[in-house]
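K.L.:
These are the residues of each chain, in order.
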Amino acid sequence: MTYLPNIIFAIILISGIGFFTKNVKKLRRNILLGHDVDVSDNKSQRWKNMAKIALGQTKMVRRPISGFLHVIVYIGFIIINIEVLEIVIDGLIGTHRIGLKLLPTSIYGFLIGSFEVLAVLVLVAVIIFWLRRNVLKIARFWKNEMKGWPKSDADIILYFEIVLMGLFLVMNATDSSFQAMQSGNVISQFIAPWFSGLSEASLHLVERSAWWIHIIGILVFLNYLYFSKHLHILLAFPNTYYGGLKPQGQFNNLEAVTNEVKMMMDPNIDPFAAAPEGAEDEVPAKFGASDVQDLNWVQLLSAYTCTECGRCTSDCPANQTGKKLSPRKIMMDTRDRLEEVGKNIDHNKGEFKDDGKQLLGDYITNEELWACTSCNACVEACPVSINPLSIITEMRRYLVMEKSDAPTELNNMMTNIENNGAPWPYNQMDRLNWKNE
Amino acid sequence: MSESLKVPTMAEFMAQGKQPEVLFWVGCAGSFDDRAKKITKAFVKLLNKANVEFAVLGTEESCTGDPAKRAGNEFLFQMQAVTNIEVLNAYEVKKIVTACPHCFNTIKNEYPELGGKYEVMHHTQFLKTLLDEGRLTIEGGKYKGKRITFHDPCYLGRANSVYEAPRELIVKLEAELIEMKNCKRNGLCCGAGGAQMFKDAEPGNKEVNIERTEQALEIKPEIVAAGCPFCNTMMTDGMKAKEKEDIEVMDIAELIANAQDL
Ligand code: SF4
Ligand code: SF4
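Protein sequences, first through last, are from chains W and X.
So the first sequence is numbered by our numbering: it starts at 885 and just counts up by one.
So the second sequence is numbered by our numbering: it starts at 790 and just counts up by one.
Here chain X stands alone, though its shape is the one from the complex (with noise of 0.2 Å):
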């Protein structure tokens, strides 16, 4: 399969003397996490499939320094930013497309002021354009009337007030969305943003992973879809801990590339 996946760079258009239609911002997950790389896969077969004409910055691409900022290191952050506007700006991008909310918000959101000025979408929102433009169709098939819900990522939903994207997706997918008894703007989050990711938790009684899994569970999903690398981690380490291995986590790309079997 990996053969036929199409991923030009950037610098390879500029070669070309060409603009591409959008830029692909993989983001460090998508990039060198195995689990997450199948998200980025899955995404890529879907620009593939609808023509989309985008591009990677490949090894021009570096840490849009989200977690740094989170964390406190405000210096490391715009050190970050301010390489990758330079990057992004030689470049003339224009819009930007990623599979990561973390990335997603900081560059729509934090970027902007050190100089840094895109039209931002998150992957859920730019398929969701493909999908009302004709370019792409999703099938329902494989998950026709299966029970799914979504699990928020904060720096999506609470963050930056995108819950709807996503949930479209899953409707037209012909599955039952169900959705947690925190879901929206009171979803719980998995317990990996603000750096959490790259640390143990504080002493408590609970992983707060654990306890957005139980929150799923309660509603007994056959699939627990994700919007962002972490949280899906999070929920597959989630049902793991509960032995519930046979609830599969996906990301919403994944569902619809499989859905048309990519």
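Okay, chain W solo, but in the shape it has when bound (with noise of 0.2 Å):
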């Protein structure tokens, strides 16, 4: 019987990360419902990007006090982590404070004290960041696109927060013989007090429970993620990997376009020809993006990295003015309809079934679009290399080459060009004319 414990903690942590395994395979299989896109270049610089933005959090603290917080909140969330290692070796092998029979007294004390100085920062920081969030009503917290369950979600994480760093000092506190050792209890020691009226059972108790809470706790954390705006705690390293390399100004330029542009400008190609062999099996190429199927995979590996934190949004010209636009909404509406794809390929056995919506329409209408002034904003502000206007501009140019159907002035502006060259109704014979007037 002296085994079920350690039976009970395999079977709770091999289902945890069970779970967590499938939801990575769902992950992964989504995000890859993307095109394909070439990002095997520059390795060196790409892994110098991850380190900064997603290791070193450099854009973060570009706004001090969030970046502040946000720092400590990530030092004391991967630092308190080793704790963990700790924890799932006692309840495996049925240990008590494993690291007191493998480390000298002093370092042990020394690990679990700073431990705990950082729990009592994390959790400062977190309730400062409720307060802004739910006291001084931050106004990018408080958007059209946060109601429901992504502001439930910004909050829920923050009282796991809450409720997992006290969960663990209050187990250190509840600890006799590690409280009984002086050593690392730095702030446990002033909560001990509090249970002192307690018999060593019921003491021996609440540890237990603080325990097993905790470390329950984290394996649903860790399951929560994947419906949640904190896969990016996992995710932005991949993304700011994969992030973008080029002068922001600069836009792809669309191949399918470059090879019929070529075609058509190149004297020598008979356009009555019989096509090249094999031409015939292709599907013709579907310019910009309808729905998510028609992004890249790293557009849909950046919908699930968003953190929804709005700084994108806050500094975009277009909301600032009222416009319906949020780069964050772009962001959120493309990871909610891919997840509908994802259910929908569950639902089917694998294979998706016209649902008759789409990206565009049935939740980025065009409206939203064609208020971008693709001023890079966005994609400045963003603190793991999400790059919002790189879809809008996939978007723009589905409805313009696939559905002609851009405002009339912009129609204009395009027949001007194709005609005379400029974007006003100017002969290019007069471009010169300036010189003598």
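A portion of the hints provided could be inaccurate.
As the list claims (entries may be wrong) - Pairs of lysine-lysine residues, derived as DSSO-like cross-links and limited to a Cα-Cα distance of at most 27 Å, are as follows:
hint : chain 1 : residue 1 : chain 2 : residue 2
1    : W       : K1208     : X       : K1031
2    : X       : K883      : W       : K1130
3    : X       : K884      : W       : K1146
4    : X       : K826      : X       : K988
5    : X       : K935      : X       : K807
6    : X       : K970      : W       : K1208
Simulated from the structure, these hints should not be mistaken for laboratory data.
The task is to assemble the complex, starting from two chains supplied on their own in separate frames and drawing on the hints.
P.N.:
Right under this line is the structure:
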């Protein structure tokens, strides 16, 4: 019977990790619904970007207050997880604080002591985060797209953190042998007196409960990620690795268009010649994007990575002046639609059945797309290297090239370019007139 | 004044079997827009003054395709690009300078893949080089001590990380360079980019150029310096709307040319 706790622990651990693996597989499948895109270049620069932006949080701290607080939570999160390692080993083999057997008391005490200090810092930071959202009501957290689940999600995570940090401290405070050691209980020694009235047995019960809830909480958290903006704690790394390296002003040139333009301009190509071998089977390329499958997989990865922080939206000139466009919403819509497509595939035995919906129209409206000035403020602001503008551009391409659905004034502008080589109705032959005016 | 402008074309250089030092890409605004034409002329005066052997394409120039591309018309963009590249390559152009950040960005970043590889400079970068090489001198005089702020064009700043060249030129004018609360990489758009210049804005509660003009007014400048013909229009309209027409919106090339009474 003495092995019962170990067995229960192993089952919980394995199912926790098992569910998580299942989610990761689904995530990967959904992301790979996107087009292929070549991101195999400049490996060293990509590693550097990942180290700087994801690990080093360089873009987070551009907004100093939230950046600083985030760094605390982030460091706390990573370091305190070392403690989880001990919990897992203890749980599996039935030891108590295995670290004490492996390390000298002073070093163990130092480690746990640092974790305790970090736990308090994290608690404070998280409480400030909560206040910023719910009491100060900072504008970017209260935009339209943040109603409902996104708002609850953000709060739930904060409560999670508070509970996990609290449990960690209580667990230490009620561990009488740990307290007796007088090393490492920098913070928990002040919490221990709260439990001084309890008998040895009840104290042990509190300690064990805190221990179990703590580790179960962590596993629940892990599985919660898939449904949350908190996926960014994992995906920020690949996303900053695959993020853009070119000057922000450089938009990609569509290869399918290049080929057609070449054909049109090349006098040596006979337009009536038989199509080259194999060309009949080729699906005619669709220009631009009307649904998530038309985007590339890095754009879909970005949709799952988005932290919903709204830094992009708060810097967006269109959004600042009351237009419907919000680059954050573009990313959230892309993720929501991708989830919907993923579920559709799950329900239809691995194949997507047309559901009469698409990203364009059902999620993102033309009005939003046409409000963008392509200023790149959103791209610059994003702390995890997301490019909402690239999705806006792909969707405009679809509207213009597949649907001829641009605002009339833009159609006029394009007709002018086509006819006289300028966006206004002036004759190309008059281009040098300024010289003599 | 205008008779004294020397504006040779590539065709003329070719006829003499010569190559200019640099091609001046004038752009559609610089060629046709009344306000922007003044910027074009100011820049030409400076080129003439510094004895730069430059040429323009004149009637052989055509829209780079930037507004078409940002609007989503990749076809039209690439047609324009390929046509322009054919002309530029036929003249064996190596180096291009332009006073329009949109032309600058498009030719510099998007033409190479389509076969057009050139060294491309924004006119503020080019003027800065002339200054460093001692071919051009900048006098403060007229603008000495004036409060001048620089509005970063999106396609020069964020898009291509050029923030310093225009500012260094303003400092050379011995003016007091002041910064708006959103500047450099945080610069706020004037509202014209992404083909917005050619259409009305979507419904909202304000025009983007008014927002930006208000940011400028906050720091009480005497002059707003611009480096893009479209920003220039937007900021000028903004000042008009705010009834602050005494605050001039001027291109950096104009400021330098004016300072020397060119
Ligand atoms: S590029 Fe478009 S979406 Fe992004 S900040 Fe500028 S206007 Fe907003
Ligand atoms: S796209 Fe980037 S900046 Fe915008 S909400 Fe998502 S993470 Fe934040």
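K.L.:
Straight-line Cα separation of K935 (chain X) and K807 (chain X) no greater than 27 Å?
P.N.:
With Cα atoms ~43 Å apart, K935 (chain X) and K807 (chain X) exceed 27 Å; violated.
K.L.:
For the pair we were handed, K826 (chain X) and K988 (chain X), check the Cα-Cα distance against 27 Å.
P.N.:
holds (22 Å)
K.L.:
Take a quick look at whether K884 (chain X) and K1146 (chain W) sit within 27 Å of each other, Cα to Cα.
P.N.:
holds (25 Å)
K.L.:
Starting from K883 (chain X), check that the Cα of K1130 (chain W) is at most 27 Å away, please.
P.N.:
holds (22 Å)
K.L.:
Measure nothing beyond the straight line between the CA atoms of K1208 (chain W) and K1031 (chain X); if it is 27 Å or shorter, mark the hint as holding.
P.N.:
holds (25 Å)
K.L.:
Take the C-alpha atoms of K970 (chain X) and K1208 (chain W), compute the straight-line distance between them, and say whether it is at most 27 Å.
P.N.:
The hint holds at about 24 Å.
Going down the numbered hints, you'll see the structure goes against just number 5.
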